[in-house]
Amino acid sequence: MIRRLFLRVPRYAAALGIILAIVFLYKDVFTVNQTAVALTFLLAILTVSTFWGFAVSAFMSVIAVLAFNYFFLPPINTFAIADPQNWVALFVFLATSLIASQLGTQARQEAHEAEHQRMEVERLYSFSQRLLVSGNVLSLLNAIPNHIVETFGVGAAALYLDYKQKFYRSGVGSPISEEEMKQVTAREEPIIDLSRSLSFVPVRMGTRAIGSLGISGRLLSRHTLEALGTLIGIAFERARAVEELGKTEASREGERLKSALLDSVTHDFRTPLTSIKASVTSLLSSSDHINGQQRELLTVIDEECDRLNGLVGDAAEMARLDAGEFELRLEPNPIREIVAAALQHCKSVIGHRPVHINIAPDLPPVRADFARVKDVLVRLIENANAYTPRDEPITITAEVVNDQLAISVADRGPGIEEVELGLIFDKFYRGKDQRYLVQGTGMGLPIAKAIVEAHGGTIAVTSQLGHGSVFSFTLPLDRSRVPAQ
Amino acid sequence: MTSTILVVDDEPQIRRVMRATLTQQGYAIVEAREGQEALEKIRTERPDLVILDMNLPVMDGLETCRAIRAGSDVPVIMLTVRNAEKDKVRALDAGADDYIVKPFGIQELLARIRAALRRSPSGELENVVTAKGFSFDFESREVTVRGKPVHLTPKEFEVLRELVTHRGKPISHRRLLQAVWGPDYGEETELLRVVINQLRKKTEPEPAKPKYILTEPWVGYRFVLPPDSSVASPREES
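Here the protein sequences come in this chain order: Z and E.
Be aware that the first sequence starts at -10, since it is given in my numbering, and climbs by one per residue.
Be aware that the second sequence starts at 60, since it is given in my numbering, and climbs by one per residue.
Bear in mind the hints are in silico, worked out from the structure with no lab data behind them.
Please read all numbers here as calculations on a predicted model, not as lab measurements.
Backbone N, C-alpha and C fix where the C-beta goes; we use that ideal spot for every residue, glycine too.
Check before you lean on any hint, since a few could be wrong.
Examples of chain E residues toward chain Z, derived with CB under 10 angstroms [claimed, not checked]: (1) E70; (2) Q72; (3) I73; (4) R75; (5) V140; (6) K145; (7) P162; (8) F163; (9) L168; (10) R252; (11) P266; (12) A267.
Calculated Cβ distances over 12 angstroms to all of chain Z for the following chain E residues [as the list claims (entries may be wrong)]: (13) Q95; (14) S131; (15) N186; (16) V204; (17) G227.
Could you build the full structure based on these sequences and the hints that come with them?
Below you can see the structure in the form of structure tokens.
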């Protein structure tokens, strides 16, 4: 207050000085009529009001009225007024000068406010530009309070994020309480505390508050505060989206690399396997020169060679499916043909086990990749075969269910425990009791799942402990008409 | 007369196994490590068959196969890897007669070699192909299955003739379509499927489990005859 007074006193003195200068000018230098004097006073008052405000110009108006009366209205050098007309003139003069002061001050204030708003908009703009530069979420959050302190010239700024329960601060000045920031976030309403020159605003993403911003040391307009809250919300959302995108991209790139690596490893494994397989089958086929024990050992080598090859192949296949680097050749295929091809493939594995096939002859064809669906069936049949006691049958059924073809492979094995049902389509999962009893890669069912899903179908298993399991999958039907011959 | 086989593979162990096995089977073996060398050996050694690896350094298997085809019609069997169905089609398109997937059993390779070597210079030489329960007469256009004559439509006959002529070898969809329907065809695998289904119904004892006309996934079809088949040709040469 004291400071304000010191600022004001010279202004009042200057206003007084201006009036005296005008009096001196028209009294002693030129002689002009009273109207010219009154207009000169008005001009001075108007000018002062625009720069120094209403108080000074009102004070100046009163002084001017007195001076006009004393020095220029007859009888001169007295405050008395002879002509009643001059009373009217004096009052009109006072009213005019007061109204003019008021208008001038108002114009000045409006200009000032406009200027102030322009500056805040400019600051908001430069703040938003700074926000855009920050790439990742963490550096953005750390930088926001700093940017606010620098751009808006406030004492201190703090940002609070609700989902992280974390505060980010910058600047010096009266402390911004964490409690209040949490409150603002919860109530989603800005708080402006004039006495402590503190302001809080919720940071919004859409309509929801995700945190709050606290500023101390300087009051910003409510509009600016709300704009800040929204800007920070948008910047945060943007940074997070960019980061997510980067992660997805990186993981896809990783899968691609893995697939390429596996391709090369696969090739390196296959080459020696090819030599071994060719050698051992060659020895086995020259049956005249080998005895029973030798045949048995060579057969072991041959079978293990196939198993190793299967492992390498499954690992490569899984990686390729994961990386999305495979192509489906979708064509109308009768399911009977695919089942027949799968059984043909499994002939040696199945041996003499009975296989029941329930497929109506008039089923519409499926829209599927023959080789890959055959692969799914081979894996399901081999799986059923591995877990089912000798001589128990495997049943393969196909029927139209809900406009899709449902194919199932049922066995009479030990069944699968409920806790395991959800896990068996996961990579590398093996039934816990079967892990050491049954050979396999643990990749058969996940591969089958990936292939079925790539066709837009689903795969599922139902099981009854002690009675067997049913693996079933669906494929889309082919609705296109087969062209006439 | 011993047939000479050129083995083209950059892996020395595979060449070793092939040499040991195929020599024992009575074939003469010539080796090449890469494409250029293979082309040279074909000129100088005149092999009766080429076994060509898909993955070769510098000039890959497909390129080598095309280069071989530019100057020779020696039968070519390509070695491919599993899960590369596209490679099989590309191999056939590049002019290979057959393919075999690594790792392979030697019996399978020998069967493919025999089928490829059996290929006659021209289909016209054959008159009748007969096997247990199956006979196909090119001239009279009569087909007999298990003692009963089978009536075929012209398209069915043409498809079966193409398959029987190249029996034991995979024929790609494109090649079958172009041979029977004409050069403008190639993508219409549904047409082919309908004809193949009819042929299976008319010739196979169990159409759902075909034993003559086999589906080669992604590639096409292969016609096989039981091992005791014989070929009667007017000049009695093979």
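Would you pick out the hints that fail for this structure and give their numbers low to high?
-> Violated hints: none at all, because every hint is consistent with the structure.
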